[in-house]
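Asker: Sequence lines, in order, name chains A, B and C.
For the first sequence, my numbering begins at -5 and goes up steadily by one.
For the second sequence, my numbering begins at 4 and goes up steadily by one.
For the third sequence, my numbering begins at 56 and goes up steadily by one.
Errors might be hidden in some of the hints.
[Said to hold, decoys possible] Capping the alpha-carbon separation at 20 Å, the derived lysine to any residue pairs in SDA-like fashion look like this:
1. B:Lys83 <-> C:Asp117
2. B:Lys181 <-> C:Thr164
3. B:Lys83 <-> C:Ala130
4. B:Lys181 <-> C:Ala130
5. B:Lys181 <-> C:Asp117
These are calculated hints, taken from the structure and not from any lab test.
The primary structure of each chain is shown beneath.
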Amino acid sequence: MNTIIFRTIAPLIVATMLVFSIYVCLRGHNEPGGGFIGGLIGASAIAVLGMATSATHARKALYFDPLSFAGFGVLLAGLTGLISIFNDNPFMTSIWLYLELGESTVPLSTPLVFDIGVYLVVFGTISSIALGLESDEGEEP
Amino acid sequence: MAAPDLSAAMIETATLPTDWVVVLPLVLALMGAALLLIVRQSRGLSFVLALVSVLAIIACEITLLLQIFANGPVSMTMGKWLPPFGISFTADAFGASFALAAAVVTLVVLIYAEPEQPASVGGGSFYALVLLLLAGVTGSFLTGDLFNLYVWFEVLLIASFGLMVLGGRAIQLDGTVKYGFLNFLATTVFLLSLGLLYGLLGTLNMADVLRVAPQANPAAMAGVAALMLLAFGMKAAAFPVNAWLPASYHTPPAAISALMAGLLTKVGIYALLRTLVAVLPATRDLLEPVLIIIAIATLLIGPLGAIAETNLRRAMGFIVIGGIGAVMAGIALPNLAAISGAGLYIFHAMLTMTALYLVAGLIERFTGQTDTRQMGGLYAANAPLSVLFLVLVLAAAGVPPTLGFWPKLLLLQGGLEMGGWIGGLLVSALLLNAVLTLIAGTRLWAHMFWRAAPAEAVPVDRLPILPLHWLGTGVLFAMIVAAGLWPNPMLEVVRSGAADMLDPARYIAAVGLAGVTP
Amino acid sequence: MDYVLAALVGCFVALGVYLLLSRSLIRMLLGLVILGNGVNLLIFTAGRLTLQVAPIVPPGLDQPEGPIANPLPQALILTAIVIGFAMFSFLLVLAFRTYQSLDADNTDTMRLAEPVDAPQPPLSY
Chain A
-5 MNTIIFRTIA PLIVATMLVF SIYVCLRGHN EPGGGFIGGL IGASAIAVLG MATSATHARK
55 ALYFDPLSFA GFGVLLAGLT GLISIFNDNP FMTSIWLYLE LGESTVPLST PLVFDIGVYL
115 VVFGTISSIA LGLESDEGEE P
Chain B
4 MAAPDLSAAM IETATLPTDW VVVLPLVLAL MGAALLLIVR QSRGLSFVLA LVSVLAIIAC
64 EITLLLQIFA NGPVSMTMGK WLPPFGISFT ADAFGASFAL AAAVVTLVVL IYAEPEQPAS
124 VGGGSFYALV LLLLAGVTGS FLTGDLFNLY VWFEVLLIAS FGLMVLGGRA IQLDGTVKYG
184 FLNFLATTVF LLSLGLLYGL LGTLNMADVL RVAPQANPAA MAGVAALMLL AFGMKAAAFP
244 VNAWLPASYH TPPAAISALM AGLLTKVGIY ALLRTLVAVL PATRDLLEPV LIIIAIATLL
304 IGPLGAIAET NLRRAMGFIV IGGIGAVMAG IALPNLAAIS GAGLYIFHAM LTMTALYLVA
364 GLIERFTGQT DTRQMGGLYA ANAPLSVLFL VLVLAAAGVP PTLGFWPKLL LLQGGLEMGG
424 WIGGLLVSAL LLNAVLTLIA GTRLWAHMFW RAAPAEAVPV DRLPILPLHW LGTGVLFAMI
484 VAAGLWPNPM LEVVRSGAAD MLDPARYIAA VGLAGVTP
Chain C
56 MDYVLAALVG CFVALGVYLL LSRSLIRMLL GLVILGNGVN LLIFTAGRLT LQVAPIVPPG
116 LDQPEGPIAN PLPQALILTA IVIGFAMFSF LLVLAFRTYQ SLDADNTDTM RLAEPVDAPQ
176 PPLSY
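Excised from the complex, chain A in its bound form (with noise of 0.2 Å):
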């Protein structure tokens, strides 16, 4: 895993992956795609870039804790279920903004943000159990 070819092309397909994963994430509402699928391409690129470079580089990279990611998007998720105590409506009831912006509407919903939350718990999670597994003396998932 330490051959020059991969260490130069990786960061250039751990960017991509990132892209790409958001580009997922986003465009799962109507079409395939979503919040675990974009998370699992996230994951595999802080995986790759473990491989490419360390696991402690990779930790690095990411600035927060893996696990942080995840404890982070649990409490998104978690957050916009709880929206709808204001308007009489049971946990977990979507509510929905459309956003006039000229000529098109921005549409904009609590799902949406719980997509995130679940991008980020299965981004989180799965890193920091691909990242243990690449360090050599790795803490449990």
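Dock chains B and C against chain A, hints included.
Answerer: Just chains B and C now, with coordinates in the frame of chain A:
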């Protein structure tokens, strides 16, 4: 775009803010766990946040219990979809009181374990995992949907795996392998039964299953129920599939094994009670002979194992198994007294088993040993410890002035009401279990406290018992004694829970499926 | 078609049980995964197989025009796959760590928590 008519699929009335108490305990636990995951580098902050979350959960659950007591079961269906389509959370007196007991036990363990967490970086991961475990347990107690129950089982399983290996000593890895493989197998079997049930009925909402189950083929339903019995029996450590419990529960630190002994098997046995007695009553009758055999065997094998065991916490593990047998006896005897007895036993076992493991942890700290053969003379060295242990052992056996007496009494009453040789058999097994547990407990007590201290061959590292240890154990102990002396509120709660289990009309009405014909 | 899939589920479960009866942790783990896949296939079959269109509501409509496939089993299976995957990865790491620290893949030699030659319990009180 004209607004479509959605009245056939969506709830169109406003949801009352008071209904939120059904989901709030769970949401708080889950979000508390998430927050703790973020701040887990700081041990002090984690502890405070965990305490605040658990106290908030307890407050919500007390509100929930009061509301159930006033108006019957409370239900909320997610996302405005009508019940069979949306995921329902439904709490009756059983679910709410067990969730409350789970939160109280968690609070006690948090206090007890605070001095034991490493001061190094990441010392807060214990708290995140405990809150995640509490989220799984609370979800299992409050959910009204069988597939959702499966999800919460897995959440608590993941959290318990993490807790069990925390620290990573070799013996813990050994215990976790056995615990992990068998429990993962159990949830897979549960999923298998859910797949078959969905194929038969086309629904997994508990109230809806209750309505449509009588129309399904009874033989196929018996197969589904048998698979559930196997799955939950493995989770609860009932007789033929109990070997994983004494192989694993003594391996993690005492606070963690106390939490597991208090919560995990009880969730398994509660799920069995809920599915067999409340959701599939006709099928339970078909399985009755099997249930009776399992109940008697579990009642006897637990304390017998404890008598033959010298490792303190492994012996406690066998006593936990004996307690599961008492609840199984309640499931095998479907009358009001026995079901309330089973419910009260789950409540009692959550508190008492946790307290027993916590005291066992104190004894291990004080002596630096895990084997009772190397202990002795503790009565002279530490008298309060001996009183704590003796009273808790009496509670586990069901001796009168303690909390353990009341559920045994209700179960015996249920057995006598049932009559016939089956009732007689279960009554004698329950009495024999009490006697054997008493023998096992007093034998351990005599070995540890009464016998003269053995000559110390090898120096051991004794650890001091800190004020927070005494506080955690003392709070739980006081609750057990108080509830034993004044059992009326708990008796009323379990009577109402058992009544709702045996006559599900109020439960179905709460979910909102009352007038709907299948 | 149902019969073919039912037979396939049977094969998966049989293979899973066979591997679970082994003493090697890795084989047991593979057995659990195959058993889990069999169960997922069972849920899929139990949700009734149809050759109709995918359960997607066409744009501009509130409900699908004709009969569609049952969308619920997919949701159930997806959840089960995700959870099963998390469990699998945890147990894989656990088996690896156990192998490193106990030098054992065979469950028979894994007796740290339950010593084989423990002395008899004392007869006295």
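Asker: Would you mind marking each hint as holding or not holding in the structure?
Answerer: Structure-based check of all given hints:
Restraint check: the Cα-Cα separation between lysine 83 of chain B and aspartate 117 of chain C comes to about 17 Å, which is no more than 20 Å; the hinted pair holds. Distance restraint check for lysine 181 of chain B and threonine 164 of chain C: the Cα-Cα separation of roughly 13 Å lies within the 20 Å cut-off, and the hinted pair is therefore satisfied. Of the supplied pair hints, the one linking lysine 83 of chain B and alanine 130 of chain C holds, its CA atoms being roughly 18 Å apart against a limit of 20 Å. With a C-alpha separation of about 30 Å, the suggested pair lysine 181 of chain B and alanine 130 of chain C falls outside the 20 Å cut-off, and the hint is violated.
Of the pairs offered as hints, the one joining lysine 181 of chain B and aspartate 117 of chain C is violated, with about 51 Å between alpha carbons and a cut-off of 20 Å exceeded.
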